[in-house]
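K.L.:
Mind docking chain B on chain A? Use the hints.
Line by line, the protein sequences are chains A and B. According to our numbering, the residues represented by the first sequence are 1 to 332, in order. According to our numbering, the residues represented by the second sequence are 333 to 648, in order.
Quick caveat, the hints were computed from the structure, so don't treat them as lab data. Please read these numbers as outputs of a predicted model, since none were measured by experiment. Watch out, some of these pointers could steer you wrong.
From chain B, some residues computed to sit far from chain A (all C-beta separations above 10 Å) [to be verified]:
hint, residue
1, Thr-334
2, Ile-450
3, His-572
4, Arg-596
5, Asp-631
6, Leu-645
If you want a taste of the chain B side facing chain A, the calculated C-beta under 8 Å gives, among others [stated by the list, open to error]:
hint, residue
7, Met-465
8, Val-514
9, Ser-515
10, Ala-518
11, Glu-567
12, Gln-579
13, Leu-581
14, Val-587
15, Val-633
16, Val-635
No farther apart than 20 Å at their CA atoms in a straight line, the calculated lysine to aspartate or glutamate pairs in the EDC-like style are these [to be verified]:
hint, chain 1, residue 1, chain 2, residue 2
17, B, Lys-617, B, Glu-375
18, A, Lys-274, A, Asp-197
19, A, Lys-267, B, Glu-568
20, A, Lys-38, A, Glu-18
21, B, Lys-600, A, Glu-141
22, A, Lys-200, B, Glu-526
23, A, Lys-207, A, Asp-95
24, A, Lys-267, B, Glu-375
25, B, Lys-501, B, Asp-541
26, B, Lys-435, B, Glu-403
27, A, Lys-247, B, Asp-592
28, A, Lys-90, A, Asp-115
29, B, Lys-418, B, Glu-403
30, A, Lys-267, B, Asp-541
31, A, Lys-274, B, Glu-526
32, A, Lys-267, B, Glu-567
33, B, Lys-600, B, Glu-568
34, A, Lys-200, B, Asp-589
35, A, Lys-200, B, Glu-595
36, B, Lys-525, A, Asp-265
37, A, Lys-38, A, Asp-216
38, A, Lys-247, B, Asp-589
39, B, Lys-600, A, Asp-115
40, A, Lys-267, B, Glu-526
Note that CB positions come from ideal geometry on N, CA and C, so glycine has one too.
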Amino acid sequence: MDKRDLVLDVKNLVVRYETEDGIVKAVNGLNLQIERGKAIGLVGETGAGKTTTALSLLRLIPKPPGVEECDHMFLDGLDMLSLSVKELEKVRGKDISMIFQDPMTALNPVLTVGDQIAESIFLHEDVSYAEARKRAIEMLEVVGIPGERANEYPHQFSGGMKQRVVIAIALACHPKLLIADEPTTALDVTIQAQVLDLMKNLRKHYKTSLIMITHDLGIVAEICDEVAVMYSGNIVERGTLEDVFNKTKHPYTEGLFNSLPNINDRKAMLTPIKGLMPDPTNIPVGCPFHPRCPYMGEDCKQPQWERAISDTHFVRCSAYDRPGFRIEREER
Amino acid sequence: MTDNILEVRNLTKHFKTKRGMLHAVDGVDFTIQRGQTLGLVGESGCGKTTVGRTILRLIEPTAGDIIFEGENITKINQKKLKNVRKDMQLIFQDPYSSLDPRKTVSQIISEPIIANKILKTKEEIHARVAELMSTVGLAARLFNTYPHELDGGRRQRIGIARALAMEPKFIVCDEPVSALDVSIQAQILNLLKELQAEFHLSYIFITHDLSVVNHFSDEIAVMYLGKIVEKAPAEELFAHPLHPYTQALLSAIPVPDLRDKRERILIKGEITSPINPPQECRFKKRCNYAHDKCDEHPDLVEVTPGHLVACHLVNK
Chain A
1 MDKRDLVLDV KNLVVRYETE DGIVKAVNGL NLQIERGKAI GLVGETGAGK TTTALSLLRL
61 IPKPPGVEEC DHMFLDGLDM LSLSVKELEK VRGKDISMIF QDPMTALNPV LTVGDQIAES
121 IFLHEDVSYA EARKRAIEML EVVGIPGERA NEYPHQFSGG MKQRVVIAIA LACHPKLLIA
181 DEPTTALDVT IQAQVLDLMK NLRKHYKTSL IMITHDLGIV AEICDEVAVM YSGNIVERGT
241 LEDVFNKTKH PYTEGLFNSL PNINDRKAML TPIKGLMPDP TNIPVGCPFH PRCPYMGEDC
301 KQPQWERAIS DTHFVRCSAY DRPGFRIERE ER
Chain B
333 MTDNILEVRN LTKHFKTKRG MLHAVDGVDF TIQRGQTLGL VGESGCGKTT VGRTILRLIE
393 PTAGDIIFEG ENITKINQKK LKNVRKDMQL IFQDPYSSLD PRKTVSQIIS EPIIANKILK
453 TKEEIHARVA ELMSTVGLAA RLFNTYPHEL DGGRRQRIGI ARALAMEPKF IVCDEPVSAL
513 DVSIQAQILN LLKELQAEFH LSYIFITHDL SVVNHFSDEI AVMYLGKIVE KAPAEELFAH
573 PLHPYTQALL SAIPVPDLRD KRERILIKGE ITSPINPPQE CRFKKRCNYA HDKCDEHPDL
633 VEVTPGHLVA CHLVNK
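Chain A on its own, in the form it takes in the complex (with noise of 0.2 Å):
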């Protein structure tokens, strides 16, 4: 029995688009479970299913035409399979929010931030709007904006303050689970260290769980406790940052990592991963990865499943089953 203290727990989620052109697996079985106030970076590459897990948790996928299987998905104790639309409502926003990529198109351009925030507020909480309105005023300033411009609209704003107010919105009911999906992505460098450092701590000051989606691995190095990479719509490999990083097992967390520039050493060939990643409509059988792993063996093309490499170290590749098996990148 797991004693931890789970604000999240999804088991075996399956998400797929039914589509004229074929069926478009994009989350195949994934198992997610987050420690209350732990913080875990969900990392990988375009279509890896990083963004359609985020929406399925929200339960938010269209369908049709999506479909959704599902073991279970519990917040915080609460069964998110059996609510309704009414109920669903309720919770999103208060409970469990998300902080979209695109701070420029995420808020209503003919309302007021002021407004925006206020009306979280007042729809979750039992409060008059006045008092909503007041609070508001103080969630912009915890993020940075001067109170005096509630009364702004949000074309009014640069990016980096757009995407403050989009915090503001999110963290305005105090949720127990943040979902930031590629949040600083449309920012600049240094825009980006301010939204970061600002996100941070309010995750401390406010204790949220937070889903950090992204493909910056420097990023998650900065903010988050715990790392899951994916890869075509199933995590490969997760564990603690220490775990990952610095202890990598799966060959294509080895690939991403031997991908990237290194700042502390400019001489060095990269390495990229042979291939592209695969169409999700046509997905390899075993391994998803095995056509561009450079260890690639016959077993790989066997159904894989997770193995444990300590408590905290998980990783999704049969490879570990022969005997004295090691990745190249050396355990640092």
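P.N.:
Here is chain B on its own, set in the frame of chain A:
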């Protein structure tokens, strides 16, 4: 004797807007040696793309000189310019919008060859396109496919093949890998490096990604609001950044290494407007060290050989 392929002196581009003069590029100087790469870094709106396009005279400069292979090309007429442009090419940021969706891969790559009447017969053109495709690592079976059938990495390879078609000496790479995933980004960066060695190319590499520029460039120029604030050999710049903006920029990079515990310097505020900028140092409003002297704009001064900085703190 240094062999400069490109020399830019006092390059300036101002755009007239309703709210005043927008100083996109304001007196930029640099040189690029043959076979070398200059990295041009900065955040959105600092003028790095305008520099790249002005050098190619896709945008006419307001003032300054562009000297390419010893010839001043700032004022030459369109006919002569067409000739010079065979030697200078551009690779665009977005492989999704820079390729004509109604043309096939071979049509896109052969377009400059036909437009410049380099080769005449169909067979010659076909052979040249096939050769270019193999140079950039595009499979021959993709000859008659359309860009929408291909992924971002392959599309960027088409853009590179098109740029190479004229056998250029110099290429402006404007954020060539920003739209790509890391594993694909590494493939394209390696390709650009191999091509540089093979064809002795010189690059301007425009990017906002400091870890990429560090990997790729011989020399790096950091731009802020239309001006170069610091310029040095890549290693020197990363080891001893002197300008407060460069220091903040470098410390802001999230590093995927747990042992790298660098102190982060947060700078306040955001980039100020490039419209009618005041005479003071452009970075003054965000600088943690701003003092009275910063009301006057500092000149770019060489502090150690090859390392230039525009800051009153350093240039006492």
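K.L.:
Determine for every hint whether it applies to the structure shown.
P.N.:
Verification of the hints:
Listed as a non-interface residue, Thr-334 of chain B keeps its Cβ farther than 10 Å from every Cβ of chain A; the least gap is roughly 22 Å. The claim that Ile-450 of chain B lies off the interface holds: its Cβ sits roughly 32 Å from the closest Cβ of chain A, which is beyond the 10 Å cut-off. Its beta-carbon lying about 14 Å from the closest one in chain A, His-572 of chain B satisfies the requirement of being farther than 10 Å from that chain. With a cut of 10 Å on Cβ distances, Arg-596 of chain B falls inside the contact zone with chain A, its closest approach being about 6 Å.
For Asp-631 of chain B, the non-interface assignment is confirmed: its Cβ lies about 24 Å from the closest Cβ of chain A, beyond the 10 Å cut-off. In this structure Leu-645 of chain B is separated from chain A by more than 10 Å, as the shortest Cβ-Cβ distance comes to about 19 Å. Interface restraint check: Met-465 of chain B against chain A, minimum CB-CB distance 17 Å, threshold 8 Å, status violated. Below 8 Å, beta-carbon pairs count as interface contacts, and Val-514 of chain B has one with chain A at about 5 Å; its hint therefore holds.
Look at Ser-515 of chain B: its Cβ gets to within about 4 Å of chain A, closer than 8 Å, so that hint holds up. Checking Ala-518 of chain B against chain A by beta carbon gives a least distance of about 4 Å; that is within 8 Å, so the hint holds. For Glu-567 of chain B, the interface hint holds, the least distance from its beta-carbon to any beta-carbon of chain A being 7 Å, beneath 8 Å. At about 11 Å, the closest approach between the beta carbon of Gln-579 of chain B and any beta carbon in chain A exceeds 8 Å, and the interface hint on this residue is violated.
A hinted interface residue such as Leu-581 of chain B counts as satisfied when its beta carbon comes closer than 8 Å to some beta carbon of chain A; here the least separation is about 6 Å, so the hint holds. Taking 8 Å as the C-beta contact cut-off toward chain A, the hint placing Val-587 of chain B at the interface holds, the least distance being around 5 Å. Proximity of Val-633 of chain B to chain A is violated relative to the hint, the smallest CB-CB distance being about 24 Å (cut-off 8 Å). At a threshold of 8 Å, the smallest CB-CB gap from Val-635 of chain B to chain A is about 22 Å, leaving the interface hint violated.
For a cut-off of 20 Å, the pair hint linking Lys-617 of chain B to Glu-375 of chain B stands: about 16 Å separates their Cα positions. For the proposed pair Lys-274 of chain A and Asp-197 of chain A, the alpha carbon gap of about 35 Å is over 20 Å, so the pair is violated. With a C-alpha separation of about 14 Å, the suggested pair Lys-267 of chain A and Glu-568 of chain B falls inside the 20 Å cut-off, and the hint holds. Among the hinted pairs, Lys-38 of chain A with Glu-18 of chain A is inconsistent with the structure: their alpha-carbon atoms are about 34 Å apart, more than 20 Å.
This hinted pair checks out: Lys-600 of chain B and Glu-141 of chain A have alpha carbons roughly 15 Å apart, not beyond 20 Å. For the hint linking Lys-200 of chain A to Glu-526 of chain B, the alpha-carbon distance of about 41 Å lies beyond 20 Å, and the restraint is violated. Only pairs whose Cα atoms come within 20 Å are accepted, and Lys-207 of chain A paired with Asp-95 of chain A is accepted, the gap being roughly 13 Å. For the proposed pair Lys-267 of chain A and Glu-375 of chain B, the alpha carbon gap of about 25 Å is over 20 Å, so the pair is violated.
Under the criterion of a C-alpha separation no larger than 20 Å, the hint pairing Lys-501 of chain B with Asp-541 of chain B is inconsistent with the structure, at around 25 Å. Distance hint between Lys-435 of chain B and Glu-403 of chain B is unfulfilled; the C-alpha atoms sit about 35 Å from each other, more than 20 Å. As the CA atoms of Lys-247 of chain A and Asp-592 of chain B are separated by approximately 16 Å, the hinted pair is consistent with the 20 Å bound. A C-alpha spacing of about 19 Å is found between Lys-90 of chain A and Asp-115 of chain A, which places the hinted pair at or below 20 Å, so the restraint holds.
Between Lys-418 of chain B and Glu-403 of chain B, the direct Cα distance comes to roughly 15 Å. Compliance with the 20 Å bound is thereby established for this hinted pair. Distance check on the hinted pair: Lys-267 of chain A and Asp-541 of chain B sit about 17 Å apart at the alpha-carbon level, within 20 Å; holds. A hinted pair counts as satisfied when its Cα atoms are at most 20 Å apart, and Lys-274 of chain A with Glu-526 of chain B qualifies at roughly 17 Å. Between the alpha carbons of Lys-267 of chain A and Glu-567 of chain B the distance comes to roughly 10 Å, so the proposed pair stays at or under 20 Å and holds.
Between Lys-600 of chain B and Glu-568 of chain B, the direct Cα distance comes to roughly 26 Å. Violation of the 20 Å bound is thereby established for this hinted pair. Of the supplied pair hints, the one linking Lys-200 of chain A and Asp-589 of chain B holds, its CA atoms being roughly 18 Å apart against a limit of 20 Å. Distance hint between Lys-200 of chain A and Glu-595 of chain B is fulfilled; the C-alpha atoms sit about 15 Å from each other, no more than 20 Å. Of the supplied pair hints, the one linking Lys-525 of chain B and Asp-265 of chain A holds, its CA atoms being roughly 16 Å apart against a limit of 20 Å.
Our distance criterion of 20 Å between C-alpha atoms is met by Lys-38 of chain A and Asp-216 of chain A, whose separation comes to about 19 Å. With a CA separation close to 12 Å, the supplied pair Lys-247 of chain A and Asp-589 of chain B stays within the 20 Å bound. Restraint check: the Cα-Cα separation between Lys-600 of chain B and Asp-115 of chain A comes to about 27 Å, which exceeds 20 Å; the hinted pair is violated. The suggested pairing of Lys-267 of chain A with Glu-526 of chain B holds, with an alpha-carbon distance near 14 Å, which does not exceed 20 Å.
Of the numbered hints given earlier, the model fails hints 4, 7, 12, 15, 16, 18, 20, 22, 24, 25, 26, 33, 39; all others are met.
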